[in-house]
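Participant: Residues per chain, in single letters:
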Amino acid sequence: MNPFRKIMEKPWDPSAEESAMALAIGPGTQYAGQRLMLHIFLVIVSVVFLLMFATFITHSQFPGFQPLAGEPWSPFANTTALWLNTLWLALSSLAMHVALIRLRHDAATQALWAMLLAAFLAAAFVLAQFSLWRTVSGMGYALHGNPANSYFYLLTAVHALHLLGGLFVLVRAIWLLWRGAETARMQTSLSLSTTYWHYLLVLWALVFFLLTRSPETYRAIAVFCGLG
Amino acid sequence: MTHIPFADQPHEDHHPTSFVAKYVWSQDHKVIAVQYSIIAIFVGVVALVLSAFMRLQLGFPDTFSFINPNSYLQFMTLHGMIMVVYLLTALLLGGFGNYLIPLMVGTRDMVFPYLNMLSVWFYFVSVLVLLASFFVPGGPTGAGWTLYPPQTILPGTPGHEWGIILMLASLAIFIVAFTMGGLNYVTTILQARTHGMTLMRMPLTLWGIFTASMMGLLAFPALLVSAVMMALDLLAGTSFFMPKLVSLGDSLDYSGGSPLLFQHLFWFFGHPEVYIVALPAFGMVSDVLATHARKNIFGYRMMVWAIVIIGGLSFLVWAHHMYVSGMNLAFGFFFATTTLIIAVPTALKVYNWTLTLWQGNIRLNSPMLFAIGFVFTFIHGGLSGLFLGNVIVDVPLADTFFVVAHFHMVMGVSTVMVLFAAIYHWYPLVTGRLLHEGMAKLHFWLTFLGAYAVFLPMHYLGFLGVPRRYFAMGDTLFLPQSAHTLNAAITVFALVLMVVQVVFIVNLIWSLRHGPKAGHNPWGATSLEWQTPDVPPAHGNWGARLPVVHRWAYDYSVPGAVQDFLPQNMPDEEVERLAPDTDSAVESKS
Ligand code: HEM
Ligand SMILES: [Cu+2]
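Note that the protein sequences, when read in sequence, are chains A and B.
Its first residue numbered 1, the first sequence is counted upward by one per residue in UniProt numbering.
Its first residue numbered 1, the second sequence is counted upward by one per residue in UniProt numbering.
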């Protein structure tokens, strides 16, 4: 039934034809349930980040706000380190994708290797982010220094926590697959993890973008969103 | 790929047998629901006792030595927070949501039973953390349930060291618990409905719970974000919300933060929260009214849309709580407008409840009395809300007892009325026994009249200018002596009102053993939860086969049918029709 019909239904007069149609649909599958839950969860995470972004943009319009990029001496004037970290995460996402395709072709061993690689790259990303923290704080940009610094630590930390959560699930899946779990079952689990991985990559790209803008761009975003 | 449908999930066949597996670490939605409810009612009683302390102080100042200005603020904060979050949200969604969703959609359990179990345990921990704040140095936070910075974390506010940390931690844990539960509620309703249960055949209770869960999932993140940022301001010295300021003569290290930002975040959660509490109540009261008036709910589709529209709009009105924060006037105008627009679907619902009663075959039993009581108190609280929604009326009335009267009427008393209606309505299903009707009616009349006696005069105090969140009025010149007398009277009524609740608790416990056996479907209700093979429903709910749904949930007094009601799982062949001539006679009568 199409969605419009669903909400235009007149439940009090079930004509025989509509009743029969209603009987045809029934409980969904476990996979459909898990996928739906993941999608809702991603919406929730997006709300969390959107709210942090919105407050960040608001802060960027207050006097005394010192963006982390823009001036030559600021920590993100040179974004090479950030791009490098992005590379780890992007490769990790790619490996997940490969693993999923290999599993669909019933090549469990290859999939296992790809998953291991993905987990390794994701862990590398988290470590690289951590070393980025060390660099930035070493340059004198402490957590409590300026709201821009605070947001840098906050956003990357919350993002990394989500990745670590995903890593936990992935490692469990690797373990199960290694112990010879059914490929059909692992396929559903892996396809959900892959979605999550791609999502976190996009999210990181947004965080990256937002942290490295110039004051003029912040101004433009703020005006565009009505926060200026 | 082979996918397992929910209907045949393997976990049904190993029924838990040991006491611990059955009642403590249970994954059965019905046990979890009862666990949620018991914890919620317990903290609710704590919050009630706290309000008794406040009322004692307000009615009889300078009498009680254990209440000082600090502890007054602490009682007030914990009372407000517990009532709104830890009692109402948890009882309506964790308690009733858990119990009713799988039964009403005709499935065996929640889609993710393990997550559901974690949810109740996280909730339990959040309550423990919250209550622990009474025992830490400095006591619980006294910042008001809105927790506005900067004062929340500055010296001078009670509990600014430990209390506030525990409060923020407890809220964060609660949000995790709620998210695990909410994901279950939404997914179960969308994915696990049995054959024939289309969305538009669901009882309104489910629509209310569904919309509220969805809203909770989207609104609680705002509270989480603000709690995390506030905790960083407090512990790590960041300046998300803290401006440059001088406190007790010292210039603090903060600079550049914005307290106003917190207010926006808080109310972006806070206003939807009001409807997270109200929408399940709206849904449940609709079903109670229809069942006990033996009539279909008036305007079912309109009711569904009203619930969904209210849910959506309530994300656009948050700043009506901030008219006095110095915001831009154009903003104020925008939010006043959206606030008044939201009154339209709300008023529609009130009309439809009233029209459901019209010419119904009303049974004035205890659930029905509470449901009708709700319609009264809700109209009342809604009307004062229309006043406050206008900037120009709100500015003088904000921070007076008029506001206290308004929100207690609309979300305190009304919602509690529905909770009582729902408990009296569904208790026979949960326990297999009916409650004592005499005690129930006594409980209703004393609660209903008592609530009016307590909260109606507060409107008047508000007009006089009595401020809220004040420990004592002292010799304030603009307050006549009568205001003090009135305050004393309110306190007496409030104490009576609280003592009356003992009747309810006694009834709950006494009837567990001594109530008359309920049997199958004592109210003659149509929705699926009453059609289980066992009462109370057994583990797995449905025995060997899931029910199949043939009709909507409101086939009461159907013209032409012999039966007074047609359960949702009754196929058309089983409906006994009247002979054609008597049929027309019935029709012309109605
Ligand atoms: C017999 C029942 C109740 C009594 C006597 C009572 C009494 C009070 C009193 C005296 C205050 C403090 C007012 C002030 O000084 O500003 C208060 C605040 C409050 N109450 Fe209740 N209350 C009751 C039930 C409820 C319920 C059921 C709710 C659920 C919504 C609720 C929610 C609140 C909230 C949110 C506050 C505001 C706290 C704050 O300002 O931070 N109350 N109540
Ligand atoms: Cu509001």
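One or more hints might be untrue.
As the list claims (entries may be wrong) - Here are the simulated lysine-lysine pairs, BS3-like style, with alpha carbons at most 25 Å apart:
#1 A:Lys-10 <-> B:Lys-295
#2 B:Lys-441 <-> B:Lys-22
#3 B:Lys-295 <-> B:Lys-441
#4 B:Lys-295 <-> B:Lys-244
#5 A:Lys-6 <-> B:Lys-295
Please keep in mind that the hints were generated in silico from the structure rather than gathered at the bench.
Computed from a predicted structure; not experimentally measured.
Participant: For which of the previously enumerated hints does the structure constitute a violation, in increasing order of number?
Facilitator: Numbers 2 and 4, in rising order.
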